[in-house]
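Residue numbers (this note's numbering), protein chains in the order written: chain A, -18 to 95; chain B, -1 to 113.
Any given hint could be a false lead.
Unchecked claim - Under 8 Å between C-beta atoms, here's a sample of chain A residues computed to sit facing chain B:
1. Pro(-11)
2. Tyr14
3. Leu24
4. Phe26
5. Trp29
6. Phe41
7. Pro43
8. Ser46
9. Gln84
10. Tyr85
11. Phe86
As the list claims (entries may be wrong) - Reference listing, derived: stretches of chain B covered by chain A, where coverage requires no fewer than 3 residues with Cβ under 8 Å from a Cβ of chain A:
12. 24 to 35
13. 43 to 49
14. 95 to 103
Don't read these hints as lab results, they were simulated from the structure. Virtual Cβ for every residue (Gly too), placed ideally from N, Cα, C.
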Amino acid sequence: EAGVTQSPTHLIKTRGQQATLRCSPISGHTSVYWYQQALGLGLQFLLWYDEGEERNRGNFPPRFSGRQFPNYISEVNVNALELEDSALYLCASSGGASGSYEQYFGPGTRLTVT
Amino acid sequence: AQSVAQPEDQVNVAEGNPLTVKCTYSVSGNPYLFWYVQYPNRGLQFLLKYITGDNLVKGSYGFEAEFNKSQTSFHLKKPSALVSDSALYFCAVRDGLDSSYKLIFGSGTRLLVRP
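So here's chain B without its partners, still in its complex pose (with noise of 0.2 Å):
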């Protein structure tokens, strides 16, 4: 069964600080990897994508994440974290091998980034 786990119910840093936001994946074919953030009250907004090719991939406001294939993990990092990065982060997953196109999300972590 396809599943995403987000071990962190939040994530505290310090404003400069580098972040990382983790999540693992278990799929049966080959897994596509998304990134969104929803600030409050708000839908959710893509932030980047694995689909193939580099396992670094970079995205939207500074955000990049890397694909590790042997660990089925795909962390969100972000080398300063702004204030304005407060939110809660999802990551999705889709099983290359699942026709219904669908996305499976992780619980979601919540990001606070103090001044």
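If we strip away everything but chain A, and leave its shape as in the complex, we get (with noise of 0.2 Å):
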């Protein structure tokens, strides 16, 4: 069974540019999760996609956006990219509302903002 998958592996942009992010959950889960994971601020909740619909966001502000699509792809959307934003980005799936307790995270998008 294949995990979870995530694009690209490493994105490099410049400061005030766009990034986009995208993950594949396990086949059948229908939750999606973002977690930020940057150097000395350990890994943050960003955002929770439950059937196509945003359930809940972190303290992020808004130009960190998404959506999920119909097939439970995610698509994480960074506006107006700030130094800051640079860190490991994560993904996680899992069963939804109903299902499994435990998330299982892709390997990371790296993005580096200079």
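Work from the hints to combine the two standalone chains into their complex.
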């Protein structure tokens, strides 16, 4: 069974640009969670999508947004990139609100903003 | 507020010796507790979870963890460490009263197993 996949693996952008990160959940999982792992800040919850709807977002500015497609693939967009957005962005999937408790993580997208 | 504390930045053990990585938590409702491991340049790998029931839970690669409600702890243990266990370990909690389903992570503990 394929795990959670993320693309791209690495992304280099300049300040002010936009970045798009993509996540494919495990087959059968309806929930996708996004976390930011920034140096010195640990893992911070960013967004949760379930059944195509945004269910919750963490303490991040509105320039962080996303969506979930009918096939449960999710994208996060970061607009007006700032240097402090440089981080490893991890997505995870689970069986949704009525599914399993644990979240399974992908390998991450490393975003570097210069 | 929900929180997780991993008091040790690094734990050093010799191969073959038992290991313990400490975790304490604070939540409003019932805790759902998890351990993950992260190898360099990789995502997080699920090790084990406590949802309800037996306080001692067994997980992948010979790891186990003990839930202690009175001490609000969920320490990760392994009877005999391997060099290949060297990695970054994260404890995480989900508050049973939190409808966001998000995980709150500790700051991580680096485990170094020397040959």
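Hints and how they fare:
1. Pro(-11): Interface hint status for Pro(-11) of chain A: violated (14 Å vs cutoff 8 Å).
2. Tyr14: This hint holds: Tyr14 of chain A lies near chain B, its Cβ roughly 7 Å from the closest one there, short of 8 Å.
3. Leu24: Constraint on Leu24 of chain A satisfied, holds at 4 Å.
4. Phe26: Status holds, d = 4 Å.
5. Trp29: holds (6 Å)
6. Phe41: Violated. Min distance 12 Å.
7. Pro43: violated (18 Å)
8. Ser46: violated (17 Å)
9. Gln84: holds (6 Å)
10. Tyr85: holds (6 Å)
11. Phe86: Check passed: Cβ of Phe86 of chain A comes within 4 Å of chain B, closer than 8 Å.
12. 24 to 35: This one holds; 3 residues, not fewer than the three required, reach chain A with a Cβ under 8 Å.
13. 43 to 49: Since 4 is at least three, the answer is holds.
14. 95 to 103: holds (count 7)
In summary, the numbered hints that this structure violates are 1, 6, 7, 8.
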